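Asker: Chains A and B, in that order, give the protein sequences. Basically the numbering used here = 1-based index in the first sequence + 26. Basically the numbering used here = 1-based index in the second sequence + 8.
Hint data in this document are derived by calculation from the structure and do not stem from the laboratory. Watch out, some of these pointers could steer you wrong.
DEER-style ranges, computed between Cβ atoms [to be verified]:
#1 B:Val-20 - A:Lys-94: 15 to 25 Å
#2 B:Ala-64 - A:Ser-77: 36 to 46 Å
#3 A:Lys-126 - B:Pro-47: 14 to 24 Å
#4 A:Thr-52 - B:Pro-47: 13 to 23 Å
#5 A:Arg-87 - B:Gly-48: 34 to 44 Å
Facing chain B, from chain A, some residues (calculated, C-beta under 8 Å) [stated by the list, open to error]:
#6 Asp-57
#7 Pro-66
#8 Pro-70
#9 Phe-72
#10 Ser-75
#11 Ile-79
#12 Lys-82
#13 Gly-86
#14 Phe-91
#15 Ala-131
#16 Gly-132
#17 Phe-136
#18 Ala-139
Just so it is clear, the structure is predicted and the values come from calculations on it, not from any experiment. Beta carbons: idealized from backbone N, C-alpha and C, even for Gly.
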Amino acid sequence: DQQVKQNSPSLSVQEGRISILNCDYTNSMFDYFLWYKKYPAEGPTFLISISSIKDKNEDGRFTVFLNKSAKHLSLHIVPSQPGDSAVYFCAASEGTGGFKTIFGAGTRLFVKA
Amino acid sequence: NAGVTQTPKFRVLKTGQSMTLLCAQDMNHEYMYWYRQDPGMGLRLIHYSVGEGTTAKGEVPDGYNVSRLKKQNFLLGLESAAPSQTSVYFCASRKANYGYTFGSGTRLTVV
């Protein structure tokens with residue numbers, strides 16, 4: 027049973043538009059959430075995170091929204107750029123010092139020029 | 009600053025063969041992890057270590073063993089490889105309250 031779900035395997039967006047990647051979780055003990063970005067033949071790299079005490083965190087073009095009651099988070103990329111084309115993994119853990127993090131299956135984003 | 013280095017990058021094994029994947033980090037991180045990535049499954053934790061000399065099982069530990077004899081190294085062993093172990097393996101390290109730093113992965117094929 028997947029505790030972190032990314033139900034869209036892929037997403038295609040036009041350059042300059044908004045990309046919205048979604049993630050759902052089932053474990054109510056999760057209180058720290060992260061997004062990782064992965065290019066082919068490379069390891070995932072940390073993108074942005076959010077603690078459950080917040081409902082929004084912004085870093086440049088990237089914003090993560092957290093809806094605790096719905097157990098849902100989303101990553102918004104505005105404006106989308108061709109270099110954003112990658113696989114995005116949502117991840118969740120119990121606290122920032124948790125020994126392990128549960129990852130979703132990933133969403134492949136294509137940004138068309 | 010090399011970060012997390014995995015060797016080898018590619019390997020093809022025959023069923024029943026054994027091999028060891030090496031992960032080395034130069035950031036003095038306490039925690040180290042081995043994940044496998046399979047299509048539609050995301051990253052699944054195999055084993056992890058919270059410090060030198062300690063290891064623990066993750067979500068999918070069967071068929072794998074690990075050792076952390078030195079703080080900077082985390083080895084993943086396959087004693088008798090099976091086709092189900094065909095995957096991309098990622099090592100990661102972190103210190104408490106920080107995100108993961110991943111290696112670039114090892115693509116393993118078992119035929």
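Asker: Decide, hint by hint, whether the structure agrees.
Answerer: Hints, verified against the model:
1. B:Val-20 - A:Lys-94: 15 to 25 Å: At 46 Å between Cβs, range violated.
2. B:Ala-64 - A:Ser-77: 36 to 46 Å: 25 Å, violated
3. A:Lys-126 - B:Pro-47: 14 to 24 Å: 22 Å, holds
4. A:Thr-52 - B:Pro-47: 13 to 23 Å: Check passed, 22 Å falls within 13 to 23 Å.
5. A:Arg-87 - B:Gly-48: 34 to 44 Å: 28 Å, violated
6. Asp-57: 13 Å, violated
7. Pro-66: 10 Å, violated
8. Pro-70: It holds, given that the least Cβ distance between A:Pro-70 and chain B is near 5 Å, below 8 Å.
9. Phe-72: 4 Å, holds
10. Ser-75: 7 Å, holds
11. Ile-79: 15 Å, violated
12. Lys-82: Check failed: Cβ of A:Lys-82 comes no nearer than 19 Å to chain B, outside 8 Å.
13. Gly-86: 17 Å, violated
14. Phe-91: Check failed: Cβ of A:Phe-91 comes no nearer than 19 Å to chain B, outside 8 Å.
15. Ala-131: At about 4 Å, which falls below the 8 Å cut-off, the nearest Cβ of chain B leaves the hint on A:Ala-131 intact, so it holds.
16. Gly-132: Constraint on A:Gly-132 satisfied, holds at 6 Å.
17. Phe-136: Violated. Min distance 17 Å.
18. Ala-139: 27 Å, violated
This entry does not satisfy hints 1, 2, 5, 6, 7, 11, 12, 13, 14, 17, 18, going by the numbered hints stated previously.
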